[in-house]
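Student: Letter by letter, the chains look like this.
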Amino acid sequence: MNEIMAIAGGTWSRILRMRVIYFLILCVLILIGSAYRYDVLSLGMHKMLMIDVSMLLNTIAAILVAISITFEIPKELREGVASTLLSKPLGRTQYLVGKLVGISIAGLVITGLIMIGFCLVFGSFFDRVGITMVQGHLLVMASVIPMSAIAVFFSVFVPESLSAIITALVIWFTHSTISISKVKILYGGIIPDLNLFNLKAEAAYEYGGIGWVYILLVAIWGIAYSVFATSLASLIFGSKDLK
Amino acid sequence: MKKTTLIHVIVMVVSVAIASYLANTLLKDQLEIAKSRNELSATPLGGFNKFASDVQWMFFVNYCGKAGSVTKDNKDEIYKRLNKILRNDPDFVKAYKIGAMMLSVKAPIKSIEILTRGTNNPNLKSQWEIPYLAGFVLLHHVDDAKWEAYVDEYNKKIEDEKGTPKLSRSRIAQAEKMYKLAVQRGKPASYSAVASLLRSRAMRMAKRKDIVNEQHAYLYVLYDIWKESQTENMDGGIEGASSLTGPIDFEKRILSAAQEAKASAPDNKKILATVKNVTAQVLSHQHLCPNCLSKYNAGDKFCSSCGTEVMVFGACEKCGAIMKGKHCSKCGHVNKK
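Line order of the protein sequences matches chains W and C.
Here the numbering used here is used: the first sequence runs in plain steps of one and ends on residue 244.
Here the numbering used here is used: the second sequence runs in plain steps of one and ends on residue 550.
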């Protein structure tokens, strides 16, 4: 457990110490605020546009944070960082879990900052921030965990140059897995359904609340799926010969 | 098998079972929250369908601005763009209203198709304007032959779809259905929707053998609604008849309808019979000229509109002054009646 938290701590603190992250968050908030100027071009739909832009940019930020792990793991293996841990029994599992936890925490902080920034920006232009908008953003935050797990999975056996692209493509297409929902064990179990986190339209239209129980269960699904993906990644990683 | 591998496999099996169970449960919950999810485009946009719809909308606004007006050359392009916007965001109310009205003259059937989709959307049940506009376009811009051809094709297409209501082959009946929905969805019902519903009902009723013309039909419709609101009978008629009498000045309207009906065929027995029933039951408290049904005031001996002699009321029997109370203010007489 200590090793896991040490790796996690190193991962998230390194990411969150990068000033460019905060500069990018600022750029995101400026883009969100700029949607207000589209009132004429959108025929008065600028409020909705601002909400949609915020969800879009928050999701992209979550994806980018998750994908960053596909560069980090191969780089550390190449440099021999944590080689002591990797040679221990269950050391590779602890390493991957530590990385997953670290990147998830960093992702939650970054998406959380974007959500808070959106609430401030939106609140300054319009009357109030609806609770469903916040719930929509919370779902985006929760999606960081399974996306990070997917990234960890591909980073252990796909070459470095391809793992980021494949991870991005998989994340993109797993938002559309409803077509295989009839195959019960396959759907949402082996193949993830990230579309469960996608209630962006409903959050924007404020139909009547998304339900905290739904958000909690989706977060639990994300954790359960991450456990599966990380265990599988660990099995593959364990059999891999590190040079 | 090594111990660590066994642990990994057990953890994987347990976690995939939990994830699979949760995903299947959550999918059902999600479809209850996102009722129009089934209408969404199948194009994989990474869950960014709504944002894509916003961008397409702005391009659409830009395109329409450049085009200036809807013509035969650009109507298909406008429809195509609108369709894409609504496939990515089936709850986009403005797109339904503005887009459909843009197409209403040059491509009315396509306009109806879009508005029907909006009407059937479970998330838009509170939007009364969408079915109202559908009824309007049906009555003003569509002809019967094209409508019937479209309905046959549409009903065949949705035969296997449960829950999607079929369209009526009669254009007027379908318009009436739409107006009825508009009245039911507006809380309170809008004046325009109520007035349009009554008119469309009259248009349909005008085809009956016992109805002389449209004016007679309209009077008959108003009379039916009045009777329903009196008996509070909701069966078979328009639900909540009192919700129809509220938004419009009902008495004024039925009086005007009676006047129009009588003027359209002054000697027709059927019309006269209906007018008699209406004046006796609905307008019994009003003093109306027996010839032209115009109101006359206390003390009047002749109608000011047509000159017909009327039954005097509210005047002193002795001196003819207007009664302001029990005793005449001019001579102190108390009327016997």
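Do not take every clue at face value.
[Unchecked claim] Capping the alpha-carbon separation at 30 Å, the derived lysine-lysine pairs in DSBU-like fashion look like this: (1) Lys241/W with Lys216/C; (2) Lys48/W with Lys248/C; (3) Lys48/W with Lys293/C; (4) Lys359/C with Lys375/C; (5) Lys241/W with Lys215/C; (6) Lys307/C with Lys393/C; (7) Lys215/C with Lys297/C; (8) Lys375/C with Lys310/C; (9) Lys297/C with Lys48/W; (10) Lys400/C with Lys369/C; (11) Lys48/W with Lys279/C; (12) Lys465/C with Lys393/C; (13) Lys338/C with Lys293/C; (14) Lys216/C with Lys48/W; (15) Lys483/C with Lys48/W; (16) Lys48/W with Lys307/C; (17) Lys48/W with Lys288/C; (18) Lys338/C with Lys48/W; (19) Lys489/C with Lys508/C.
For the record, the hints were derived by calculation from the structure and aren't laboratory data.
Student: Please go over all the hints and tell whether each is borne out by the structure.
Tutor: Hints, verified against the model:
no., hint, in the structure
1, Lys241/W with Lys216/C, "holds (17 Å)"
2, Lys48/W with Lys248/C, "holds (22 Å)"
3, Lys48/W with Lys293/C, "holds (25 Å)"
4, Lys359/C with Lys375/C, "holds (26 Å)"
5, Lys241/W with Lys215/C, "holds (16 Å)"
6, Lys307/C with Lys393/C, "holds (21 Å)"
7, Lys215/C with Lys297/C, "violated (55 Å)"
8, Lys375/C with Lys310/C, "holds (26 Å)"
9, Lys297/C with Lys48/W, "holds (21 Å)"
10, Lys400/C with Lys369/C, "violated (34 Å)"
11, Lys48/W with Lys279/C, "holds (24 Å)"
12, Lys465/C with Lys393/C, "holds (22 Å)"
13, Lys338/C with Lys293/C, "holds (25 Å)"
14, Lys216/C with Lys48/W, "violated (57 Å)"
15, Lys483/C with Lys48/W, "violated (58 Å)"
16, Lys48/W with Lys307/C, "holds (13 Å)"
17, Lys48/W with Lys288/C, "holds (29 Å)"
18, Lys338/C with Lys48/W, "holds (22 Å)"
19, Lys489/C with Lys508/C, "holds (15 Å)"
Violated hints for the displayed structure, listed by number in ascending order: 7, 10, 14, 15.
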